[in-house]
Amino acid sequence: MNRNTHRSAPWTLALLAATAVASGSAHAAGDDAASLKALQQQLEQIQAQLKALAEENRALREHEAEVDRKLATLGPAPAGAPQVAQAAPAVPAAGTAAPPVANASALPSTSALPSTAALGPSASATPGTTGPGLFGTGLRLWGYGEIYYTDPTSARQDSQFDLARAVFGIGYQFDDRTEFNSEYEVEHAVASADDVGEFEVEQFYVDRRLNDYVSARAGLFLMPFGFLNEHHEPTNFYGVQRNFVETLIIPSTWREGGLNFHGDTPFGIGWNAGVTTGFDLSKWDFAPEFPPYHTALDLEDADVAPLQATHQELALANGRHLSQYLALSYYGVPGLTLGAAVSTGDAVPVPAPPNAPIPGNQRVTLWEAHARWTPGPLDLTALYARGTISNTALINQSNPGSPNPIPAAFYGYYFQGAVQAWEHGDYKLNPFVRYEVYNMGSKYDGTSGPVIPPGDVPLSSAPGDYGRWPVWYDRVWTVGANFYIGPHLVLKTDYQWFHENVDFKRWDLGLGLAF
Amino acid sequence: MSREGLLAAAGAGVLSLALLAGCGGGDSSGGGGSPAPPALSLKAQAGKALFFDASLSASGQQSCGTCHVASRAFTANPATDHGLPVPLGGRNMDLPGFRNAPSLVYARFTPPFFLDDGTPTGGFFRDGRASSLAEQAQQPFITEFEMANTDATEVLSRLQASAGSLKAFVAAFGDGALQDPTQALADMGDAIAAYETEDAAFAPFSSKFDYWLAGQATLSAAETRGIALFNNPAKGNCTACHPSQRQGYSDHALFTDFTYDNIGVPRNWNIAANFPNPKSPISGVALDYVPAQTNVPAGAEYAYYDMGLCGPFAPAADDPGPRPDFTHTTTLCGVFKVPTLRNVALTAPYFHNGVFPSLHKVVQWYVTRDINNNTGNNPTPVPAGPGGNPYFPVGSAYVNPDGTPDLYQYNDLPVDYNANVNVGEIPYTPPTFAGGQAPTLSASEIDDLVAFLCTLTDGYDPNNPSAYDVPAQCAAGAP
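So the sequence lines, in the order shown, correspond to chains W and U.
First residue of the first sequence? That's 0 in numbering that gives the first Met the number 0, and the numbers climb one at a time after it.
First residue of the second sequence? That's 0 in numbering that gives the first Met the number 0, and the numbers climb one at a time after it.
Treat the hints with care, since some could be wrong.
What the hints assert, rightly or not - Facing chain U, according to a computed beta carbon distance under 8 Å, are these residues of chain W, among others:
hint, residue
1, Ser191
2, Phe285
3, Pro287
4, Pro350
5, Val456
6, Ser459
7, Pro462
What the hints assert, rightly or not - Pairwise CB distance ranges (calculated):
hint, chain 1, residue 1, chain 2, residue 2, range
8, W, Asp193, U, Pro356, 43 to 51 Å
9, W, Val189, U, Asn421, 37 to 45 Å
10, W, Glu197, U, Asp415, 33 to 41 Å
11, W, Glu197, U, Leu114, 17 to 25 Å
12, U, Leu406, W, Val478, 58 to 66 Å
13, U, Ser219, W, Ala190, 28 to 36 Å
14, W, Val189, U, Ser219, 36 to 44 Å
15, U, Pro180, W, Gln396, 36 to 44 Å
16, W, Ser460, U, Trp268, 24 to 32 Å
17, U, Ser441, W, Gln156, 32 to 40 Å
18, W, Ala190, U, Ser70, 52 to 60 Å
FYI, nobody ran anything at the bench for these hints, they're computed from the structure.
A virtual CB, placed ideally from N, CA and C, is assigned to each residue, including glycine.
Using the sequences provided together with the hints, build the complete structure.
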C-alpha cells in the first residue's frame, strides 16, 4: 500500500473541483451559444471525472482503513501500517485488531491499488476483517489452511496428500488501544500421541498502543524477519510449499516469547525491536543414525536446519539466555518494500561433562535483508539471510565422525519473479519462477563438516530400506503458478528441480484458503 | 564481552582450576574431574563389607566381588572360572551359570525398566528382570549356582556368623534388622546398592576419553580415526546404541542407551546349558537347575536357548516393581540390554554369553555377520575357507560344537524367531544391501575402532600418560 498516494487523493479531488467551478464561471459570462455548449460539455466531463474520482476515493479510503487495521496488529510488516491509522478512533473496535492471518499484505501489500491486481487478491476484499466483531463484541475469528499433493518424481512411493495445516485465530479488542491475538494450528490433520500431527499455539500476545508512534507487544509473537514469517497464509506466497530459504535459514514460522516495541514514522519507515527467548543448542542431535530427511518435503518438515532444530516456541523455553532483535522496513516509495532484521543472543549451550566444560557461550545471530518491487503487473522479490553460531569448535571436536555437527555459519538467498498474466472476474492467474540457494552449513569450526556417507545407506531400521544421505546445501529452481478464485482461495501448482539432491525434484499441487 | 560473558568465563576458569586440583592424581576413586567423593554412608560401608564377604556363600568361596572383580571393571575373571565365559558357583563351586557377568561400573545410572514408546529400556541384569540395584544384589545370595544359600534364613545365619559384615550391618540398620530374614536380605541388597551407588570406584569417569574431552589428553591418530568410525552412521554406527553423547541418565556419556536389541550373537558352546542333558564341566554333576522353556518352538534346532527378555529367567516373585513378563512376547525373544562400553577393554569375554574373547573378534563379527557366512539360511552362502568370512576359521562365526558351520546362521535363537534379529542397521550389512557384500569397516579400520574403545578404560592420569594401564588386547597389532 502506498500511503502517500492515498492521502493525496482528497487534495487532488478538491483541486479538480475548484478548477472545474472556476472554469465554468468564466465561460458562462459569454453569450456565444457554441461556447456555452462547449462549456456545458466540459462541465459534464468534469462532473463525470469527479464522480469517478469520488468513487475511487471512497474505495481508497476503505482500502486504507482496512489495511491499516490489519497492519496495526503486526507492527512494521513489509508494508508497515502507519501509526496514524492505528490511532484513528473512528476505526471500528473489532476491526482494529484485525487478525494477522488475514493480512494479505505480504504478497499484495506493495501493490498501490487493488486494481493493479498483479499480486493476487486484494486485501480489501478479505472478509472477517471488516465490520463489527462477533455478536457486536470485540471478539473476532479468522483462519487459514492448506492442503497439498506432492509427487517426488524420483521416489513416487513417497507421494503424499496432506492437510498440512488448519489454523484458527481468536482475537479480542479490549479497547481502541489494546487488543489480544492468538492462532492455533493443527498440522497434518490428526494430532495425538499415536499420530503424526501436532497441535501448536502459533501466536498469543497482547498489543497496546502507547502513543501515535509506539506500540508495545508481549507474549508469543511472530518474529518480523523476511516476507513469509509474519505472512505465511497460503494466499500470500507463491508455490505450494514455502520457499526453502525462509524455512531452513529463517525458521518460519518462527515465533518467540518476549516483549517488543514497534511503530512507524511519517516518512515511511517501520521499526520493531524486542527481547525474546532464544535458541536451545542442547537439543542438537549430533548422531542421527539415519538420514533425517530423504525428500524435499521431509527437508522442510523434519526440523533439521540449524534454527529449526533449536528454536523453543515458548514450550518451557529456557529463560536464562535471551536474544535481542531489531527490524526495519521502508515503504515510502510506491510499489517498493525494503526491509532488514537482525537477532542475536546466547543460546542454551550444548551440555558438557562436568569435568570438560566448554568455555564461553554459543551466540546465535541471524540477519536478513529483503526487497520487493511491484512495477505494473510484475512482482519481483529478493531475500538474503545468514546465520552464525559462535564457539562451536570444541563441541564439534568432541563429536568426530558426526553427520550433523553444529555449523558456524549458514545462509540462503532467493530471487523470485511473478506476473499477473490473466484476470477474468475474480479469477487471477499469476505464474512465477524462483531461484534459491541454501546452505545449512557453509562453515564449520572444529570439523571439516558433516560426515555424509557415500552410496546407499539404510534410511530406517526396516530391512531393505536404503537410499542416499542428502547433502545439506542445494540450489533450487521452482516454476509454477498461483490461480486465485477471489481473494480467499488459491489453487497452486509448481515443479522444483534440485541441483545437488537431484532426487528431490517434485511436482506439487495445492489448495489454500484464508479468511 | 558482556558482563555475563565475563562472569561465565571467570566461573569456568575457577571451575577448571578446581577440577584440575581434584583430578590431578587421576586415581580410580575420584578421577575424571569429579570432586573428592564423600565418605561412604554407614549403609554403603555395610554394603562394601557384604560385597566382598565370601563367607556369606554356601561354599565359603564366593562373594559379589569374586564375580565382579574390581580390577576388571567389576566383571568376572575367566581365569578363576576354569576359562569359562560364565562364573562358577554352587556349594561346591562346580556349577556354571548362564551368562557372562556384566560390569557394575556405571550400573548406578541404569534406569528401572520401562517401555519407552514401546521400546524396552533399563532394568537390572542383562534381561532387566530386577527393578533396582538392591533387588539385583539380593538374588545371587539365594541362587543355586551362585552363592547357593537355600533361602534368606540361611543368608541371615551366615551374616550373623561373619563378625566384620555383621558389625557393619548392625551399625547401618540396627539390631532389629536381624529379626526377619527376608527383611535382612532386603537390607543387604540395599546396603550393596548403596555401596555401588556411593563409591567412586563405580563411576570414576577417569578414562582417556574423558580427559580428552576435557582437553587434558591427546588421542593418537588411530584413536582419533576410531572415534570418528564409532560415530559415523555408515561405518561403525556404534553410537546409535552406545551413544558417545550424554543421554540424560548422567552428566557424562555412558556409551549405552539402556535399550534392548537382538543382534544374533552366535551360540557359545562353552556354556554347559547349551548342550542336551547338561553337566558340570568341572564335576560332571547334572545341571538340574537349567530351566525348562515353554516358548521354544517345536522343531527348533536345540532344546535350550537363552533368549533374554523372553526368558528363561523372569522377575523374582517378591520384586516390588517387576517388569512385565515377556515369556510369550516372542517378538522380544533374543533381545538383551545394551551394555556400557566404558572399560570394555577390561571386560572380555564379550556379549551376554561371552562368545568372543577379544574386541577385535567382536568388531570383525559385527561387520561380517550377514556376509560370507557359510550357513544354511544365508541367502548367498559362500564356500567355507578361502572366500568365506576371513575372520573365522571355517568361514563363519556360527558353528557347531565341533567347530563346523552350523545349519543356521543365528544359531543361538530358534529359527522361527529369526525375524527378531536386527538386520536393518549399520554395521550389519545384509545381503540385500545395495552397497554390496563389503564390510563397513576394513581390517585397519577395525584396528582403529578397537584403539578408540581402549580409551574408554578408566584410570588415565594426564600427568603420567605412560602409566595408563590398558589390557594387552589394546596393544597395536593385537589379534
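Hints, one by one, checked against the model:
Given the 8 Å rule on beta carbons, the hint for Ser191 of chain W is violated: about 13 Å separates it from the nearest Cβ of chain U. For the restraint placing Phe285 of chain W at the interface with chain U, the shortest Cβ-Cβ distance is roughly 6 Å, inside the 8 Å limit, so the hint holds. Given hint, Pro287 of chain W at the interface with chain U, holds; its Cβ is 7 Å from that chain's nearest Cβ, closer than 8 Å. At about 6 Å, the closest approach between the beta carbon of Pro350 of chain W and any beta carbon in chain U falls short of 8 Å, and the interface hint on this residue holds.
Hint on Val456 of chain W holds. Least Cβ distance to chain U is approximately 5 Å, under the 8 Å limit. Taking 8 Å as the C-beta cut-off, the interface hint given for Ser459 of chain W holds, the closest approach to chain U being about 7 Å. Nearest Cβ of chain U to the Cβ of Pro462 of chain W: about 5 Å, under the 8 Å cut. The hint holds. Look at Asp193 of chain W against Pro356 of chain U: about 45 Å separates their beta carbons, and that is inside 43 to 51 Å.
Taking the beta carbon of each, Val189 of chain W and Asn421 of chain U are about 30 Å apart, not inside 37 to 45 Å as hinted. Evaluation of the 33 to 41 Å hint for Glu197 of chain W and Asp415 of chain U yields a pass: the beta carbon distance comes to about 40 Å. Checked against the given bound of 17 to 25 Å, the beta carbons of Glu197 of chain W and Leu114 of chain U, roughly 23 Å apart, stay inside it. Checked against the given bound of 58 to 66 Å, the beta carbons of Leu406 of chain U and Val478 of chain W, roughly 59 Å apart, stay inside it.
Distance hint for Ser219 of chain U and Ala190 of chain W: a CB-CB separation of about 51 Å, inconsistent with the stated range 28 to 36 Å. Checked against the given bound of 36 to 44 Å, the beta carbons of Val189 of chain W and Ser219 of chain U, roughly 53 Å apart, lie outside it. The hint said 36 to 44 Å for the Cβ distance between Pro180 of chain U and Gln396 of chain W, and at roughly 56 Å that hint is violated. Taken as a hint, the range 24 to 32 Å holds for the pair Ser460 of chain W and Trp268 of chain U, whose Cβ atoms sit roughly 30 Å apart.
Checked against the hint of 32 to 40 Å, the C-beta distance between Ser441 of chain U and Gln156 of chain W comes to roughly 34 Å, which is consistent with it. Between Ala190 of chain W and Ser70 of chain U the CB atoms are about 54 Å apart, so this pair conforms to the stated range of 52 to 60 Å.
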